[in-house]
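Engineer: Sequence:
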Amino acid sequence: MPPLLSGLGFLLLLGWQGTAGASAGTYLCSSSTVNESALCASVESASQEKFLEAARGQSSPCSLSFAQYACAQRTWLQDLQDDFLISLYSCLASKPATAVDPEYSVLFFSKYGAEKLLASLTTFSQRFSHVPLSLEWSLIFINGLWEKMLQVPDIESPPVLSQWVHGGLQPFLEEPKVFGCLHGKNVSCETFQLLVAALDGLYPELPEEEQRNLYSGIKYYLTQNESNQKCYSEAIPGLNSTAWFKNYLGSFMEDATAEDLQLFADEPTLQKFARDPVNMEMISNLTLLQETAQYYTFLLTSAPAFPLSSLPDRFLCSLSPSAVTNLSRDDALSLAQRIGKSCPWIPVRRGIPGERAPSSLPAQELQVTSSLLRKVEDFSPEILRALGQAAVGLSVSSIQNSTSEQDLEAALPALGKVRGWSAEQSSAIVDKLLRSGYQLWDGQSLAQLGSLVGGLNSSTVWSLSPEVLLEAIKVPEFAQQMEPLPPALKRTFVEKISSSVAHPADLVKYIPDALASYIPKSLLVFEEEKPSVQDLNSKPWTPEQAAMFFSDVVKAEPDFSRLSQSVLQGFTCAAAKDVEAGRFQELAKVMRSKNVRLGEDQLSCLLRMVTLHGIPEDLDSYPKDLLLFLSPSDYAATGSCSQYFNNVGEANLDVLPRESPQRKQLLLEALACLKIPGTQINEEDAEILGHLVCDLGGEYIRNSGEILLKDLSQCESFLPDQEEAIRDVISSGNTTFGPPAAWSAFTLRDLSGLIPVFDHNILQEIPKNSLTLWLKNFARDSPLSREELANVVGELLPTRHRRADAGCDMEITEEMLNTDLMPTYYIPAEKLRTCLRNMSLENQVFLENHLSQVLSYPFSVEQLQALKDYLDERYPDGYPESLLSELGPLTSLITPEEISTWKMSSADALAAFLKTQPPDLQASAVIKSYVELGNALNATALDAIGTRYVCLLNTTKLQAIEPSTLKLVSLNPSACSQQTKDLLYEKAKEAFYPQHVFPAYYELILPYLGGAPGEDLKALSQANVNMNMSTFVSLRRDALMSLTLREVQGLLGINLPDLAKWQYRSPVREWIQVQQQSQLDQLHIGLTGGTQEGYINLVTPKFPAPSSAPLGAMAMALHLLPALLLTFLMMSILS
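Each residue of the sequence shown is one higher than the one before, starting from 205 at the first, in this note's numbering.
Hints are supplied without guarantee of correctness; some may be wrong.
[To be verified] In silico DSSO-like pairs for lysine-lysine, Cα to Cα no more than 30 Å straight-line: (1) K636 - K1107; (2) K694 - K621; (3) K621 - K636; (4) K793 - K781; (5) K1171 - K678; (6) K1171 - K1107; (7) K1171 - K1193; (8) K700 - K1132.
I should point out that these hints are in silico values taken from the structure, not numbers from a laboratory. A quick note: this is a predicted structure, and the numbers were derived from the prediction, not measured.
Working from the sequences, and respecting the hints, build out all of it.
Structural biologist: Below, the structure written as structure tokens:
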């Protein structure tokens, strides 16, 4: 056996776990020479004719046993087809293995020609790639294949090794334990080093999971003996190289954790390895896990008197704060400047994803930079300019106390280019500049603020001349700085800019992309002067904004393919009249090519227009989401039902409500199409089902086992029976992930979407170091909320942290406040409470300046209460306005009584607080406090209140809203009381009526139609608006009941057929009952239940008539009732 290949067995112990693998290898593997005569003596020989029939596919390959194939003559095997191994494996996989099958495997594959065998393995690999194989038969096959591979010429060369290991044997590598059979071979460190070098060349081509599995094999080999030094000894030639990481890990070091490195050698030895130039060069080209990179840098810098000036730039970004504590002022300044130039200042999110604004560097890099800059007592313009990006490490106190106004202004051109200022930093700098007399006279002086523009407040922006803003946003560099601004400030900029342009078309032309989505819909109604299609195409509109001008665009643009995705998403039924009937199919196909996402009502309308003349036979050319509203029979002219559901599985299923009849019917039809008789889904069917997997019931999940887990991890939410089934599958341990007790951080990453489903029992089984590694390296990219992560953090706490001792044994420092896992160090919550009280003044200031960051960490409810109590003690008379936007998860713990003590003096502060989405009780108290201080519900305030909280406003507050203000915001009061809807409708009508241009006016008034009286709806019925049914059934009841059949027909337009789907539900049922059946029949949509000729239906209203509704019609009906009854009686007698 070539020495190199003797090591491959150890390397490919993918995930090998010791005892289990050893027994598997001993039982099903054999490396001894096979005696063919003795082995085949008891095997009934097969005739050549029978063998060749099976080999050529003329008879079932299962007609012969594995022993008969192995004992056949060598020349016969040359007639085997390339796909024969697939057939043979399928025959054997369902049978139990015997003790001699491993020897038959060696004999069978030894008779294969190398080229023919490789071709057969390639075919086998294509069929079974990523398909789980039988462990027993995989071990048996690999036993023979391994021995055959050893005889291949040049097997030590990377290209040949790549062909066999990566290409031919790929399906067997899916099951790590298959290489356990080779664990007993004695492989020297020198041989293993050659092996790692060979496989290192394959690393870039390997799938990520296979990289990790191979690393597991490397790790197993290197940790198999009890020595602290693995394959290293200063005294032994060949084992004394300090280029150990390069020699024994290579690129696989990307999968190593810091704990792994500590298993390979003691710390002094690791320090030697870390400083070896060969290792350092290799590491500079790898992407290590975050904690591994930090540990490696620690090894480099932990030697006494190590000069940080000699640290390569690549490692600067992984420095720890402790490494820079003893630097002089000049050295600290020099290092900070190097960090500013060398580190990747890319926007990332610290803490929990989605819960705070982006910053330009990870917490630890910011912490190191801040530590360095604290050593500088004063900052001259030269120093500020030289810092570059590292200036973002300036503390608020340094800005306020260590930098003069004149120096800040002198360095402003440089500071304005720094990305990632926090709100507190930019506000401190801008406030200081403005107090010193810095004037925003023109656009250039405003543009010079650059990235510091976020330090302006709304009142300052309002005080500026509109011309100043318009001039500034024409500077491209300044326009790019609009993106990170708070929403309230963006809105203020838009309002000021809009007041300086003569026409909305100019607003579209000049507005920066970052502000485009904040333009009120009412400002996008174009009458005579319209913007160019090119200008509209270039902006990132919301669907609601694009709906305002979609009609204008499709009338002006003959080639739909020239329209942007942003514009196309504005399609509405109200604009359908402006598209020629014959061009709807063209429009839909363009939407498919540009991946335009539409909502349920948009898709339903688009489908109706596309199918006006029948269902197209090329449905694959249309948006996949349209298929959600069709059936397999509708798709028959295009393809099979499985092809239909394969497309449905890739569609945006969330267009339909989770438990809607349409979604349920789709799943039932899919199961019938795929001929799934029971409740077990195979992998192929799961792939076809796609997103429909998320709708499978608990029994399907339970009986399908691990096959569905990865697909389920992509689902948005689960029903209770689904959650229980997922827990059952996970707890069983009968998955490729193994039992939770064997999971790694990478397993958790693969299953991150399912972690919220795990209960206490499952989380307790997962190794705590795996949970910790996952939190450190992968939690930021997971879909978990702060609360869900808090649940995970609670499970990894050591027992010693659960003791009742509430003393503070872990001081809260700046370093701790920058640590995502800070909550794990302060258990129980009383410990956190004690440490907060003992915090230094400097760290108190740091905490309050970075409160939103700290509150994004996964604290438990008890810990959050301790943080709130700390703030209460600091501010007994109420929190300052600067903290109100930073409270995040604390808002649910604050009482309305406490809120009443706040001085909510600005719409910016109200907007910042409501952005945290507090519970209704707290939101109502904040709005009340804001209004009672005499503040108006202006556009900023009303936009912050939004649809979520508008129903909390009482009549007094609603009546105080000016129509001109309502014109600048987007509200939807459909969930509010009828009184609120009536009030807001009247104000909206007054606000939007001057823009009475259809269909734009309809899109503006649409959210408020639940408060429209009957006469307004009658007028609207003449405008061809194609109202959808969800809007129709939410109309005011008395208004709806007053509509005639022709008026309803005019309102619904092309959506009239949907009326039949609602005919047995209120309020459509009641409306039908007062219509003449003969007139309903004329609609030809199948409506029944109307009044027959000569009869009258007396429908008792089930709703109170609003006081504002006209009473004339009802009074007349009551007046005529006796006469109508008498006529009815006389007709009955005469008949």
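Engineer: It remains to establish, for every hint, whether it holds in the given structure.
Structural biologist: Hint-by-hint comparison with the structure:
no., hint, result
1, K636 - K1107, "holds (23 Å)"
2, K694 - K621, "holds (20 Å)"
3, K621 - K636, "holds (18 Å)"
4, K793 - K781, "holds (19 Å)"
5, K1171 - K678, "holds (27 Å)"
6, K1171 - K1107, "holds (28 Å)"
7, K1171 - K1193, "holds (10 Å)"
8, K700 - K1132, "holds (27 Å)"
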